[in-house]
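**Student:** For reference, the chains in residue letters:
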Amino acid sequence: MIRRLLPLLAAASLGAGCLPRVTDPWYAFKPLRAPEPSSDGQTLIFGTIEFERGFIGPDDFIEIDLTRVRPTTEDFDRVLATKRLLYRAFRVRQIKDGHFVGIVDPGAYELRRLLGDDLGQSILDMDEDGRRATRFTATRPGIIDLGVFHMKRGLLGASFTMIQVPRSERPERLAVLKAAIAGTRWERFLSGEGRP
Amino acid sequence: MISFALPLALAAALASLPSAGTAPSRPTLRASVTGRLRFVQGGKTVSVGDAQRLLGGKRIGLTLRAGWNVAQARVDPDGRFSADVDPGTWRLEWIDVGEGAEVLPTPLEAEARDGRSTCIGQVTLTFDDVQSELGANAAGTVTVEDKCDELAKGKGSVSLAKPAGDPAGDQLAVDAMDVLMGLRTEAAFQKDDLGLRVSWSVPFRRPLSWQGNFLVSGGVIRYWDADKNTRDALEVGGGFSPYGGIELAGGLQAPLGSGGKAAPWANLRWGGNAYALNFRAIFAPGGTVWCFGLDLTPFHVLGSFL
Numbered sequence: 001m002i003r004r005l006l007p008l009l010a011a012a013s014l015g016a017g018c019l020p021r022v023t024d025p026w027y028a029f030k031p032l033r034a035p036e037p038s039s040d041g042q043t044l045i046f047g048t049i050e051f052e053r054g055f056i057g058p059d060d061f062i063e064i065d066l067t068r069v070r071p072t073t074e075d076f077d078r079v080l081a082t083k084r085l086l087y088r089a090f091r092v093r094q095i096k097d098g099h100f101v102g103i104v105d106p107g108a109y110e111l112r113r114l115l116g117d118d119l120g121q122s123i124l125d126m127d128e129d130g131r132r133a134t135r136f137t138a139t140r141p142g143i144i145d146l147g148v149f150h151m152k153r154g155l156l157g158a159s160f161t162m163i164q165v166p167r168s169e170r171p172e173r174l175a176v177l178k179a180a181i182a183g184t185r186w187e188r189f190l191s192g193e194g195r196p
Numbered sequence: 001m002i003s004f005a006l007p008l009a010l011a012a013a014l015a016s017l018p019s020a021g022t023a024p025s026r027p028t029l030r031a032s033v034t035g036r037l038r039f040v041q042g043g044k045t046v047s048v049g050d051a052q053r054l055l056g057g058k059r060i061g062l063t064l065r066a067g068w069n070v071a072q073a074r075v076d077p078d079g080r081f082s083a084d085v086d087p088g089t090w091r092l093e094w095i096d097v098g099e100g101a102e103v104l105p106t107p108l109e110a111e112a113r114d115g116r117s118t119c120i121g122q123v124t125l126t127f128d129d130v131q132s133e134l135g136a137n138a139a140g141t142v143t144v145e146d147k148c149d150e151l152a153k154g155k156g157s158v159s160l161a162k163p164a165g166d167p168a169g170d171q172l173a174v175d176a177m178d179v180l181m182g183l184r185t186e187a188a189f190q191k192d193d194l195g196l197r198v199s200w201s202v203p204f205r206r207p208l209s210w211q212g213n214f215l216v217s218g219g220v221i222r223y224w225d226a227d228k229n230t231r232d233a234l235e236v237g238g239g240f241s242p243y244g245g246i247e248l249a250g251g252l253q254a255p256l257g258s259g260g261k262a263a264p265w266a267n268l269r270w271g272g273n274a275y276a277l278n279f280r281a282i283f284a285p286g287g288t289v290w291c292f293g294l295d296l297t298p299f300h301v302l303g304s305f306l
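Sequences listed follow chains A and B, in order. So in my numbering, spot 136 of the first sequence is number 136, and the numbers just go up one at a time. So in my numbering, spot 272 of the second sequence is number 272, and the numbers just go up one at a time.
Bound conformation, chain A alone (with noise of 0.2 Å):
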């Protein structure tokens, strides 16, 4: 039973995360959505990241992920933002059409790297110049929007240089944000009130 039971149990651990999921008609039409706070004091994080089309390579992100700079009280890397979430059909969807929400508690934070949507999942890290050319610091609770990045295609695809484009010339993001909080805590922000 084992020896037939084994071949499928390497094929179901392989194929998670590479297959497709059988909810992915219904992701699809899943709305950008901030997650809700799990704690008091955090930040909504919100950016857009656009990838210049090409024949190899990622066109999109499917994860963003954070090091933390400060406190140093325990080592601390953590995903933003990401598209590979277990059960994710009945969670909020945090990456949609570049943009993308996440939450952090308050601290120091650089971006450390992407994973491309191509087949590899490729893996974009950022340099040390990069890393900290995108530190920011989330202290009073709040909405940080960290702009829009703009992903230069390298020769052949391999490599990228990010690019921040002026946030006056994607004057539509706002909407979107506003989309993805609307109905959440975090919507009271917007209006003023200053804590959800």
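Hints are computed from structural coordinates only; laboratory data are not their basis. Watch out, some of these pointers could steer you wrong.
Derived contacts from chain B toward chain A, CB cut-off under 7 Å, selection only [stated by the list, open to error]:
1. N137
2. G140
3. L306
Being a predicted model, the structure only gives us computed values, none of them experimental. Think of the CB as a built atom: it goes at the ideal place given N, C-alpha and C, for glycine as much as any other residue.
Using the hints provided, position chain B relative to the given structure of chain A.
**Tutor:** Below, chain B without anything else, positioned relative to chain A:
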């Protein structure tokens, strides 16, 4: 590798949305917190006023937080500060530096007592170079000294600030999903026998596979020999993750329904939450038996498809 074309421009772009603003404290303000903030560079004190001059006039402020509430302290050039707050526990997590902030390497918490002024001590941040590091999240250490005789001059009470828990502690805590993630099935190979193990590993402090975390585990295993005879065993144990993705565990395995003796075992698990390879040694009375297996976490695999 990603290089950045406009790294400096980004820093300026990280402002909060205009309407997000500051979460105002809700002041019943029946208490106050006092103390002194100072910076040290090369063993010498740099006062708040001096630091402001070094930073070209950037305002240096101190903010306390309790949940969603924040309270801005008044800071004098000599570093003495005071803040009117609600009674309760307040966290000191960052120093405001102009539009930016210096997040403390270790957050502090202070107790504000009802109806009183509470001195929380002298808070010292150590830098190699205040001018270039203050506001860049580069402070080396934060310490608190009891200078309240000098600061409060006998007025009010004294309750020194002390190191606070990690602000993300709640997120890192073990939740129901982490507990379900510990239910594993494993196909195991032991000499000529095949085994099916069902085990449950429960993490203590952090999710499974988190570096430095501990766990306890229990499980049952059924072996089939070449003649399809079966034997069962029960095992319990505990483990430790020296690195993310590695679990070292050990315990006792006792045969079920036969007269055999319990034997200690040790196991190395290498892999993620979804699946992993296991290398196991069972120190049986007749000699060490080596096992190899592949485990699978049903809860994780199911979640990957939904």
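**Student:** Please list, smallest to largest, the hint numbers that this structure does not respect.
**Tutor:** 2
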